[in-house]
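Q: These are the residues of each chain, in order.
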Amino acid sequence: MSRTIIIGGGPAGMSAAVEIARAGGDAIIIDSNPRLGGQYWRHGADAKFSHDGERFFALQDEISRHSEIEVRGGSQVWRASYHDGVASVWLNDGTSLASETLLIATGAYDRSLPFPGWDLPGSMTAGGAQALLKASGALLGRAVFVAGTGPFLLPVAASLVEAGVKVLGVLEANRVNGWINHLGAVDFSKMKDAARYFKILATAKVPIRIGYAIIEARGDGRVEEVVIAKVDRNFAVKPGSVEVHKCDAIATGWGFTPDLTLAHSLGVTTDIDVIDRSVVVHVDAFQETSQHGVFAAGESTGVGGVDLALIEGRVAGIAIAVQRGLISTMDAKNRSVGLAQERSRIRKFAQALLSVYKIREGWRSWLHPETIICRCEEVTFAQVRNVVHDLGASDVRTAKLLSRCGMGMCQGRVCGRIVADVVGAEIGRSATDDELRGIHNRPIAHPISLATLAKQGQ
Amino acid sequence: MKTADVVVIGAGVVGSSCALIMAEAGLKVIVVDRGPIAGGTTGAGEGNIMVSDKEIVPEIELAVRSRDAWFEIADRIGNNFELHAKGGIALSRTDSGMAGLRKLAAHQSAHGIETIEVDGARLRELEPHMNPDIETAIHYPGDGQCQPMLSAAYFLRTVRHLKGEVWQRTEVLGFLKDKDGAITGVRTAREEISTRYVVNATGTWAGDIARLAGSELSIMPRRGFILVTTPAPRLIHHKVYDADYVANVASDSPELQSSAVVEGTESGTILIGASRERIGFDSRMNMAALERLAKQAISVFPVLSKLELLRVYHGFRPYSPDHLPVIGEDANVKGLFHCAGHEGAGIGTAPGSGELLTAMILGKPTFMDATPFLPSRFQGVA
Ligand SMILES: Cc1cc2nc3c(=O)[nH]c(=O)nc-3n(C[C@H](O)[C@H](O)[C@H](O)COP(=O)(O)OP(=O)(O)OC[C@H]3O[C@@H](n4cnc5c(N)ncnc54)[C@H](O)[C@@H]3O)c2cc1C
Ligand SMILES: Cc1cc2nc3c(=O)[nH]c(=O)nc-3n(C[C@H](O)[C@H](O)[C@H](O)COP(=O)(O)OP(=O)(O)OC[C@H]3O[C@@H](n4cnc5c(N)ncnc54)[C@H](O)[C@@H]3O)c2cc1C
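So the sequences go chain by chain: A and B. Just so you know, our numbering puts 450 at position 450 of the first sequence, and the rest follows in order with no gaps. Each number in our numbering comes from the position in the second sequence (counting from 1) with 1000 added on.
These aren't lab readings, by the way, just hints derived from the structure by calculation. Do not rely on the hints blindly, as some may be mistaken.
[What the hints assert, rightly or not] Ranges between beta-carbon positions, derived for each pair: (1) A/Lys358 x B/Ala1232: 37 to 43 Å; (2) B/Ala1232 x A/Asp119: 18 to 24 Å; (3) A/Arg72 x B/Glu1191: 57 to 63 Å; (4) A/Ser344 x B/Ser1283: 35 to 41 Å; (5) B/Glu1191 x A/Asp119: 28 to 34 Å; (6) B/Glu1191 x A/Gly240: 47 to 53 Å.
[What the hints assert, rightly or not] To give an idea of the interface, some chain A residues facing chain B are shown, with a C-beta separation under 10 Å as derived from the structure: (7) Trp78; (8) Val86; (9) Leu91; (10) Val206; (11) Arg375; (12) Glu377; (13) Thr380; (14) Ser394; (15) Gly408; (16) Pro443; (17) Lys455.
[As the list claims (entries may be wrong)] Below, computed lysine-lysine pairings styled on DSSO-like, alpha-carbon distance capped at 30 Å: (18) A/Lys348 x A/Lys358; (19) A/Lys455 x B/Lys1295; (20) B/Lys1334 x B/Lys1002; (21) A/Lys455 x B/Lys1306; (22) A/Lys205 x A/Lys246; (23) B/Lys1086 x B/Lys1306.
Ideal placement from N, C-alpha and C gives every residue a C-beta, glycine not left out.
With the sequences and hints as input, model every part of the structure.
A: Here it is as structure tokens:
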């Protein structure tokens, strides 16, 4: 049996690798980032963490102690396929690998909502802002608003403050009361996290405004001011609540979209989350997908935070060890004590969070006709409406092909869900499950050099 | 019951061209498609309006008239579909290949296609990034380009403005006939339509409709992959292809064939097409096809090695046993007209096909002798 292929070196991939190694197995972790850690432990070469570095170093040390685990950083999987019980992946260096066991630990990316001016330089996603800080320590602006919904706005705002950025406000669009309770319900360590974020924000006198949203950004060539409004429970703007503020950057975050591109190529069964309708990999109690030997862990099975990713990774690693015949099921049971219980507890909590921080339909009322929907191809809201109402596009795919929405560089990663929701609303129905799945249908998961492609197979 | 002068089955580029031309001729048209508009092969084509790859006289006549008709339609309804005369370049790096191209060009120019043999210096003017080892080629100023899905959509929009109707997501379930077996109506999932004329423009699936009407027609799928690169500033100005491409079209071998056809698009991406495989409706990716296309394209334009592959798509070209389209009335079912099987040329030759069909239905003279396209060439008359 070939060594296990782990795609993604975030918390899920790392913890799976450790379990496989402990069972005496070998594996290769592939990540497009040069360093392990994923989204949560994204860091620069200096490996400085504002918090929670201990868990990262423990995992990394154990991985580096096991020579059977190869870490191939800076290497991207651009294509995957599954055939007769064997999963194959193709890397952007022109090589390919195949194995009977593979773990999808590809995480999630930021979910965005469009609003007038979101395409201006100086406007970025919360995750993008965080990554920029972590990777290079770069300052994105001097006076910044953080807005959107979800518990991750807090750590983002806090790390901006710590990096010396003036945060003018944190705007949470949903009517959440007692943010700290939501964060704290995970476990005690989270409670401490939340308290720490609040303390940082309070000390810096950052206003936290609940039920507010950025509905527009303006500026000549880059963000110079934002329009902020109070929104109702459905995210529609409350009349008379509009304020304009000067600033030089904004970071907006609307939760996450699990990255199912490779999962889709591997042909695994997916589910549609009942709360936010995101597409997630369907897994059994052992984190195995519908394809024998293909496992999934972390955000790809549903957004649940770092602790859930770590547990799912462990469960998957142990199950892979059993499937490879490295350990007995009895042994696996001993290694898994408490994991299933902990996993279901956090999953339940994650679902609760998802329903509190749900994106409400009223956001579409922020759009102007000239608001860009697809940034890569610069397609406006009016153009999307036009292909539906004037040209007769009656589904998401046709609307995309006629308007070029989602056809550009990002291949719909940023706007795929937006287009599905906007087109659905214009047609007068919700996006269908298959249309939502279609967002992840990218046989070429990431652009690959033609020269490399031409050399493949020689 | 609904009534129409003509029911067109299929909202691809061929069906929408037929519908447009018939609606403009004053007929009341209803277009019925089981899917969305342009959701079939038209949504997977490249949009070349080529005269340069045509060899057989009827094909040349159809392609030349269609090319002109494309520009006339754009004048009538507005050019909202990126139509432009981009021109093609056919090249070969072997003496025998060039000899073949010259012979074809002579034949084509005798039938109204403009062909110009160009030397290396002129070639570099036309295509600055072309591999310097290519020293001569044939330039076809008459080749055009459009965006096929937009074309179909705008044709159908005009049909609606001319009081026609477009029924999407409506399956055709069967046909109504009189005691002599002539068509009197169409049964659809929505409602029945009373009509004397049905146009079967269902491309790769045209055989199914023929069978549903009690006849037969052999149209088969031929898979093609197209590579789309990341957007780049204009590097390639024409549709550039090597001589093998022309050879491949007529070839009868089922295994993978490919030869690079490279072109830039308005959105900045570069399209590299297209492989040809006869393996039924198989949607799995064929790595060998992708590698080969990339390799061939780089050999013509070395600069492409610096670009990245962004996306791949594939489609199934509808082909008939003799690789010519099937245009005309069914030999067995009166009132059923086929317009299908355009293989790798359905975008380019759609308007001419629509004109032929409209003339046939109205009993008017056709712009060319359409006998080579009649379905009766395959159908035993019952
Ligand atoms: C701004 C921000 C703040 C957050 N704050 C918190 C917090 O305070 N508490 C908390 O619990 N969680 C937080 N999270 C969420 C946390 O980051 C995730 O829950 C966790 O990282 C999920 O782990 P994972 O292993 O599933 O995926 P990830 O950590 O996302 O790792 C996936 C990895 O896969 C790699 N990858 C994907 N596709 C490919 C490919 N094709 N080829 C090669 N490599 C690939 C990626 O490069 C990435 O490194 C935050 C996230 C963000 C963005
Ligand atoms: C990779 C590739 C590249 C190509 N490049 C070019 C090119 O550059 N230039 C060119 O001229 N041609 C090109 N072609 C060929 C061209 O795309 C086709 O010839 C053309 O699109 C055929 O159009 P059509 O309208 O006949 O079929 P389609 O577009 O397939 O339309 C048929 C329609 O019929 C509908 N239908 C089927 N069955 C039923 C039913 N039972 N009831 C109701 N509706 C039904 C379908 O839903 C579909 O919408 C290419 C093809 C491929 C695959």
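Q: For each hint, tell me whether it holds in the structure or not.
A: Each hint tested on the structure:
1. A/Lys358 x B/Ala1232: 37 to 43 Å: The hinted range 37 to 43 Å holds for A/Lys358 and B/Ala1232, with Cβ atoms some 40 Å apart.
2. B/Ala1232 x A/Asp119: 18 to 24 Å: holds (21 Å)
3. A/Arg72 x B/Glu1191: 57 to 63 Å: For A/Arg72 and B/Glu1191 the Cβ distance comes to about 60 Å; the hint holds.
4. A/Ser344 x B/Ser1283: 35 to 41 Å: holds (37 Å)
5. B/Glu1191 x A/Asp119: 28 to 34 Å: With Cβ atoms ~45 Å apart, the hint is violated.
6. B/Glu1191 x A/Gly240: 47 to 53 Å: Holds: the Cβ-Cβ distance is about 50 Å, inside 47 to 53 Å.
7. Trp78: holds (8 Å)
8. Val86: violated (15 Å)
9. Leu91: violated (14 Å)
10. Val206: violated (40 Å)
11. Arg375: violated (13 Å)
12. Glu377: holds (7 Å)
13. Thr380: violated (15 Å)
14. Ser394: This interface hint holds because 5 Å falls under the 10 Å limit.
15. Gly408: This interface hint holds because 7 Å falls under the 10 Å limit.
16. Pro443: Since chain B brings a Cβ to about 5 Å from A/Pro443, closer than 10 Å, the hint holds.
17. Lys455: holds (8 Å)
18. A/Lys348 x A/Lys358: holds (15 Å)
19. A/Lys455 x B/Lys1295: holds (8 Å)
20. B/Lys1334 x B/Lys1002: holds (20 Å)
21. A/Lys455 x B/Lys1306: Roughly 13 Å separates the two Cα atoms, so the pair holds.
22. A/Lys205 x A/Lys246: It holds: about 17 Å lies between the C-alpha atoms, which stays within 30 Å.
23. B/Lys1086 x B/Lys1306: It holds: about 24 Å lies between the C-alpha atoms, which stays within 30 Å.
Comparing the model with each numbered hint stated earlier shows that hints 5, 8, 9, 10, 11 and 13 do not hold.
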